[in-house]
Amino acid sequence: MNFFRGVMGGQPAGPQPSGAETIQKLCDRVASSTLLDDRRDAVRALKSLSKKYRMEVGTQAMDHLINILQTDRSDSEIVGYALDTLFNLICNDEEEEQGKNYAVIPKHKQKTVPMPDENVQKQADDLGAQFTEKFIEDPEHVTLLLTLLEEFDFHVRWPGVKLLTALLKNQGPQVQGVILVSPMGVSRLMDLLADSREVIRNDGLLLLQQLTKSNAAIQKIVAFENAFERLLDIITEEGSSDGGIVVEDCLLLLLNLLKNNSSNQNFFKEGSYIQRMKPWFEVGDDNAGWSAQKVTNLHLMLQLVRVLVSPVNSPGATASCQKSMFMCGLLQQLCTILMATGVPADILTETINTVSEVIRGSQVNQDYFASVNAPSNPPRPAIVVLLMSMVNERQPFVLRCAVLYCFQCFLYKNQKGQGEIVATLLPSTIDANSISAGQLLCGGLFSADSLSNWCAAVALAHALQENLTQKEQLLRVQLATSLGKPPVSLLQQCTNILSQGSKVQTRVGLLMLLCTWISNCPIAVTHFLHNQENVPFLTAQISENLGEDERLVQGLCALLLGICIYYNDNSLENYTKEKLKQLIEKRIGKENFVEKLGFITKHELYSRAAQKPQPVFPSPEQMLFDHEFTKLVKDLEGMITKAVHKSSEEEKKEEEVKKTLEQHDNIVTQYKELIREQDAEIQKLKEQVSSMSTQNEQLQTTTTLQLSQIQQHKDQYNILKLKLGKDNQNQSNSQDISQVNGVQTEELVQLRDEVEELRKQNTLLQTQLGDKDSVINTLRSEASQTAEGTPGASDNTELLKELEALRSQVQAQSTEISQLQTERQDLQRRAEASAASDAVSSSDGSVDDAKVTELENRLAAQTSETERLKGELKGLSECRADFEQQLASATSSVAILQTEKSKLQTEVQESKKEQDDLLMLLADQDQKIHNLKQRLKGLGEAVEDEDDLDARDQTDDDEEDYDED
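Numbering (the numbering used here), first residue to last: -8 to 956.
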């Protein structure tokens, strides 16, 4: 142990070993010692020397330390020492270095020489990178470190987290690749956020920040490991925007997960996490005393909102997030911060930028923003208050840029907002008692501050972007320049200031406004050319040889003159297309004109402005180009170059060809519309045929049901017939009994009455049978007439057969009733013949009375049964009449359907014939168009192929179908 005392404790007598020798002995002891305590003490000694002798410890002891991690995992203390030592070797942070401002020199010189901080840090970075590469040469080392992180012991887990973080800082992509392929690698690291010890949890946040940098695959895995839920919970627990550095780390990790990752952004929105962001921006009325940490936290929160609605995201994802932010009230909360007092300038600037991107391209959000009022007396719209800051030269430059961006986003794809802004400039809507947005823009456009001129010009240009109506409306604006002088138009005033030779920034802004204003608007071109001084001024500016600063102005003047040529409708005789091109050729030269036009895109600030919509400039002097204007230049440059080089004859030929092609296109379009109409009519006819077929099927189904009901009634009739036969048999038995025993006189009277009633019933039945016979004969005649043309003739024949069978059964029943009547008449005669035998002994009287009573009961029962049969027969007759009526209606419906079907078939044949004629006409037109294209190609003109025309027609058809839907 004397050796360790020499290293760790006091200084023994005699010569002292050098640092390298001491480290070598310690490494030997780690490698060869069999006792765990000896190895632990040796590793502790290496840890204490690892900062001072970083190079020596790293080169000699790293392999031994890794071996300790593999073999002595059961002892948490020695593993913790080994991890701390490796961390000291690999970490490059300045705060972790000791003696960072001094170089280690040989001991015999005993002199410290200060070294520059940059050199020391560079050497430390090189050492850290070298040791990191050595550690990750074997991917199993990283896997071993991930396994150690599962240990709950603080002395193992915490240094393991720090070591893995340092490895990711030095060699991020390589370590990320190892973790990505390691089973449950990312899941183990996500468990760190659930650790109850805040030190480990906080360092786990730093580790996940390094892990998720620039790796979309790991970002997705971390997100689906419930990272959003855990991070938002930590932010809430730590106090949201009032929290400390932990909130900042959580927000940085959220930015890593969401930035440029559409999958995670969609998952964040679908998980309803946007709603949980609203409480972050709830600031009180007292906004004094914002801490630096709160400003940082709120700044990161605003950046997080901007990541979700950034213009670089897909339009669908951005629109969905914008809608969610409005629905949950987040936009309203941001507007509250926007109009609050006491908010720090940088937070206010970032809030304006955030609101800008939340409303950009969203009509609902733009309408809400237009309705926001500032808490002033009287209340003013938020747009007016922001524009007042933009044209105020005392406001910070970044704030003015943010307000301009907000105004641009408010007008982006918002024709309603554009109309409202332009309307504030028109004479009929100007209110002298209030300040409007149009008045502020005009004031900034003509102020002495060049930056205000540029911002106002660009803002007004955005009010005209892709809106022909507002370009024409703005021509009506009149300005009063001074007392006693007539008002001049806004267009004329812009050209007047342009010709006065103001600052470059002012002239660039005015030229961009004029180019945007008159592009694609022939009426505005005519107004511009109507001023006789404009064209000479432009040609003079383009033809002069000026310095580098004026080149951009010359290029913009060339662009403005080119727009006057391209969109000229030749309404002014002195400034037609041909005369303007002749003027360019004489005064400037075509090649010189095109060269000056190219100065715009060659400017270094042009490419910077074309990258993203937000105007971000390092200084006010470099604020020259607008993002939307760069798009306009890109579209117009090639077209203007071609228009200038074309001769008058080529233009005439091109105009003729265009007119011819337009005529043919119109003819083709007409034929296409006619074919579409016919197709629609054919489709309607097909639908009618389909509906009639359905009705026919329904009628057939109804007929089938009626047949089944007839069969049921037939069965019921047979049952009634059987019952009636039994009753007749019982009646004959009673007659026999009366013949044997005799009948009393009163009973004979009753029997006579009943027989009379039966006669009446028989007569009635005979009448009903006659009516039914006539109905059946009528049905037979109708069936014979419709048997040939009616699809359901066979069914009707079967129905008639069944009705005939029913008639025969009814006749049989009538015959039986007649027989019954005959039998009763015989009974009556027998009763009269037996009248002489009235004197019967009293002993036989009681028996006769009993028999007569029994006979009366039977006769009463038979009478009631006869009445019931009469009722049922009447019901059957009514059902039969209904069935006959339904059959007649079904037969007439089928005949009508057959007639309509034949008509539809005739119309379809006529439509097919008309289509064939139209196709012949189209073929003739296509041949003519082909010949014209060949002639154009012979003249050297570029002509679209048939595939391009078909693709364009297909696109037009799809758009028309979409409009119809």
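FYI, nobody ran anything at the bench for these hints, they're computed from the structure. These numbers come from a predicted model, not from an experiment. It cannot be assumed that every hint is accurate.
Here are the in silico distance ranges between beta carbons for each label pair [unchecked claim]:
(1) His521 / Tyr662: 28 to 38 angstroms
(2) Glu932 / Leu246: 52 to 62 angstroms
(3) Glu539 / Phe215: 32 to 42 angstroms
Straight line, CA to CA, 27 angstroms or less: simulated DSSO-like cross-link-like pairs of lysine-lysine [said to hold, decoys possible]:
(4) Lys717 / Lys705
(5) Lys928 / Lys894
(6) Lys16 / Lys43
(7) Lys714 / Lys677
(8) Lys603 / Lys407
(9) Lys603 / Lys568
Note that CB positions come from ideal geometry on N, CA and C, so glycine has one too.
Flag every earlier hint the structure violates by its number, smallest first. 1, 3, 5, 7, 9
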